[in-house]
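Chains as they are written, first to last, in my numbering: chain A, 1 to 279; chain B, 1 to 378.
The hints are simulated quantities; they were obtained by calculation from the structure and are not laboratory data. The structure presented is a predicted model; accordingly, all values stated were derived computationally and were not measured. Virtual Cβ for every residue (Gly too), placed ideally from N, Cα, C. Watch out, some of these pointers could steer you wrong.
[What the hints assert, rightly or not] Taking lysine to any residue and the SDA-like style, the derived pairs with C-alpha atoms no more than 25 Å apart in a straight line are:
#, chain 1, residue 1, chain 2, residue 2
1, B, Lys107, A, Lys134
2, B, Lys107, B, Val360
3, A, Lys134, B, Gly31
4, A, Lys134, B, Pro53
5, B, Lys107, A, Ser12
6, A, Lys101, B, Leu368
7, A, Lys101, B, Leu372
8, B, Lys107, A, Trp13
9, A, Lys134, B, Leu368
10, A, Lys134, B, Leu13
11, A, Lys101, A, Trp15
12, A, Lys134, B, Gly28
13, A, Lys134, B, Leu49
14, A, Lys134, B, Leu38
15, A, Lys101, B, Leu13
16, B, Lys107, A, Leu273
17, A, Lys101, A, Val22
[Unchecked claim] Partial pick of chain A residues on the chain B-facing surface, computed with a CB cut under 8 Å:
#, residue
18, Tyr18
19, Met35
20, Val37
21, Ala98
22, Ala110
23, Ile120
24, Val151
25, Phe183
26, Val200
27, Val269
[Stated by the list, open to error] Just a few of them, taken from the derived set where beta-carbon distance is under 8 Å, the chain B residues facing chain A:
#, residue
28, Ser125
29, Leu184
30, Leu188
31, Val191
32, Ala264
What follows is the residue order along each chain.
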Amino acid sequence: MSARGPVRRGWSWRWLLYLTLVLAVALFVLPVYMMVVTALKEPAAIDLTTAWQLPRHWNWDSFAQAWTAFLPKLKNSLVLTVSASAASALLGSLNGYAFAKWPFPGSRAAFAFILFGMFIPYQAILIPLFGFIKAIGLYGSIWGLVLVHTVYGLPITTLIFRNYYVEIPDALMEASQLEGAGFFAIYRRVVFPLSLPAFVVVIIWQFTQIWNEFLFAVTLSNPESQPITVALAQLAGGEAVRWNLPMAGALLAALPTLLVYVLFGRFFVRGLLAGSVKG
Amino acid sequence: MKRQRASQLTSFLVVLPSLLLVGIFVYGFIGRTVLTSLSDWGRDPTQALALSPVTRFVGLDNYRELFTGIIDGRFRQDLVSTVFFTVFFLAGCLGVGLLLAILIDHKPRGEAVFRSVYLFPFALSFVVTGTIWRWLLQPSGGLNQLPPLVGLPAGEFTWLTSRQQIWRFDWNAMPVALAVFGGLAMALLAVVDLRGHRREPRRRRRGLVAAAASVALLAWAAVWGRGWAPLPFGELHGFNLAFIGIVVASVWQMAGYTMALYLAGLSGIPEELREAATVEGASGWQLYSRVILPLLAPITLSAMIVLGHISLKIFDLVFAMAGPDNAYTDVPALLMYITTFRGNQFAKGAAIGTILLVLVALIVVPYLRSQLRREVDR
Chain A
1 MSARGPVRRG
11 WSWRWLLYLT
21 LVLAVALFVL
31 PVYMMVVTAL
41 KEPAAIDLTT
51 AWQLPRHWNW
61 DSFAQAWTAF
71 LPKLKNSLVL
81 TVSASAASAL
91 LGSLNGYAFA
101 KWPFPGSRAA
111 FAFILFGMFI
121 PYQAILIPLF
131 GFIKAIGLYG
141 SIWGLVLVHT
151 VYGLPITTLI
161 FRNYYVEIPD
171 ALMEASQLEG
181 AGFFAIYRRV
191 VFPLSLPAFV
201 VVIIWQFTQI
211 WNEFLFAVTL
221 SNPESQPITV
231 ALAQLAGGEA
241 VRWNLPMAGA
251 LLAALPTLLV
261 YVLFGRFFVR
271 GLLAGSVKG
Chain B
1 MKRQRASQLT
11 SFLVVLPSLL
21 LVGIFVYGFI
31 GRTVLTSLSD
41 WGRDPTQALA
51 LSPVTRFVGL
61 DNYRELFTGI
71 IDGRFRQDLV
81 STVFFTVFFL
91 AGCLGVGLLL
101 AILIDHKPRG
111 EAVFRSVYLF
121 PFALSFVVTG
131 TIWRWLLQPS
141 GGLNQLPPLV
151 GLPAGEFTWL
161 TSRQQIWRFD
171 WNAMPVALAV
181 FGGLAMALLA
191 VVDLRGHRRE
201 PRRRRRGLVA
211 AAASVALLAW
221 AAVWGRGWAP
231 LPFGELHGFN
241 LAFIGIVVAS
251 VWQMAGYTMA
261 LYLAGLSGIP
271 EELREAATVE
281 GASGWQLYSR
291 VILPLLAPIT
301 LSAMIVLGHI
311 SLKIFDLVFA
321 MAGPDNAYTD
331 VPALLMYITT
341 FRGNQFAKGA
351 AIGTILLVLV
361 ALIVVPYLRS
371 QLRREVDR
């Protein structure tokens, strides 16, 4: 692959290109460096003026402390994220299949009806939602949050699956149709087996979004059912913070989604592009 | 044919539960919020937390207080802050994102690594980002300690705890300013519609309506506007410098995302087009400014819509960075939460939530409509 654009003209341009790229890398990595370095220091050794220096003694204790403090919250987040991602992906797949392959009168309007839910600021539904979750007895339970994330995940999962299924040629379905297979038989035999890439994209997207979410979590959970983001915000927001602990906690909270990003980057980007509506 | 019908019915029945769920959780709840915002729920402290609170219908009182009541100045400053934040956040993300995308478009060695590094903050929670940057922006540490590393004096800016405000203006000037701005926008729309599309009756009608609206708005501003002040005395609002840190952190998080959008657009530009332009003798600069950037305009629009609605909704980042009680970094999304769940002012919280919804809908609804319509055309 030859070089594109203006840079092919000389190596001094090429040099400038790499300089800018590396400088940008430094800017993007700097906060992470600070996070790791601070987490590894002893509380007494954390001083504002020497914040950028490497620790004299490596203090792994912060991670041990953060781990014990955050373990129950990480478990909450895991249960919440896995259940809600799976549920919203399954429903989204069926919806997407219906919208893409079996349009019914008014299905286009129904699709737009669902899609709009993706963009609302949740502050506009928070008060009735709070009342509703309380009324059905799920306030402070992780299952209340599972329900909420499943429902508000429907627009994006439906969108991604619909756009994916639209590309499956009808000819693939027609053979089964001639054999007399109906809606569900075709889904099971033809469409679902082809869905793996879409499921990967949707589940990765939902996993990241739900793991990182804060507004619902802080409104609908109590200390027992708290997801990690709420616990982290409380730890870092407290008075007289010893910064090694919040930094270690931030790293723990970030690891699962970072891992997903590193392992499945390609699918992650596809979900990201779908989020801007273009399929 | 009969089978087809039956399957269509099945299809509808499969979608129905989701329609009902979204119907209740999105549309039903929005309706409830609007109703709540028209009540006085929370004004009487004894009723605020009652199991079945007694509330009265008070019409638009809550909205009137938010925009013109003496005690709700914080909300008005928050609105102003959101507008400033949105402008800087958009400019930062689009500028940095486009720059990075163009750099990577030159196919440097290690392209994939660079791309992954720039995009990784997007995989983080705003709470994680906020926590890290809260530490980086400590007044006598973090970023302010970077200059000493190369022998310069340490930075002095207090970042999130700054109390400085610039570009101040009187809230009482807002109605006239908005009317003039709206009038000019309408005038522009009218000119475009009437000059370019005289033949199309629909565009023509729209142009005429826009022209009339423009005249009405400008006339109101010129004749009556100046005599009408929403507040009994002046109230200054402006750009809080404490927001600079929040802009930096949010651009750090979202610039990579914008870059990814632009890269997707760049990969859709056919190689032949670039070659043709180069053969015609276009310099690298001309290739980008004349050929590629115009082709990326739809991406810029998408990015602006998505980033714009994120910025109006921003809550977790500010909460984690500056805490919920820092009035100088407050935004409406955060004020709604505090008003409702700390202050138990449910009706007023609902009103703020409704205003946020209207702002987001103003951006998103036209966009969604055009996107869905384009799909029909395809």
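For each hint, the structure was consulted:
no., hint, verdict
1, B/Lys107 - A/Lys134, "54 Å, violated"
2, B/Lys107 - B/Val360, "37 Å, violated"
3, A/Lys134 - B/Gly31, "19 Å, holds"
4, A/Lys134 - B/Pro53, "15 Å, holds"
5, B/Lys107 - A/Ser12, "16 Å, holds"
6, A/Lys101 - B/Leu368, "22 Å, holds"
7, A/Lys101 - B/Leu372, "17 Å, holds"
8, B/Lys107 - A/Trp13, "13 Å, holds"
9, A/Lys134 - B/Leu368, "33 Å, violated"
10, A/Lys134 - B/Leu13, "29 Å, violated"
11, A/Lys101 - A/Trp15, "52 Å, violated"
12, A/Lys134 - B/Gly28, "17 Å, holds"
13, A/Lys134 - B/Leu49, "13 Å, holds"
14, A/Lys134 - B/Leu38, "22 Å, holds"
15, A/Lys101 - B/Leu13, "14 Å, holds"
16, B/Lys107 - A/Leu273, "21 Å, holds"
17, A/Lys101 - A/Val22, "47 Å, violated"
18, Tyr18, "6 Å, holds"
19, Met35, "5 Å, holds"
20, Val37, "11 Å, violated"
21, Ala98, "4 Å, holds"
22, Ala110, "6 Å, holds"
23, Ile120, "6 Å, holds"
24, Val151, "5 Å, holds"
25, Phe183, "4 Å, holds"
26, Val200, "15 Å, violated"
27, Val269, "6 Å, holds"
28, Ser125, "3 Å, holds"
29, Leu184, "28 Å, violated"
30, Leu188, "26 Å, violated"
31, Val191, "30 Å, violated"
32, Ala264, "5 Å, holds"
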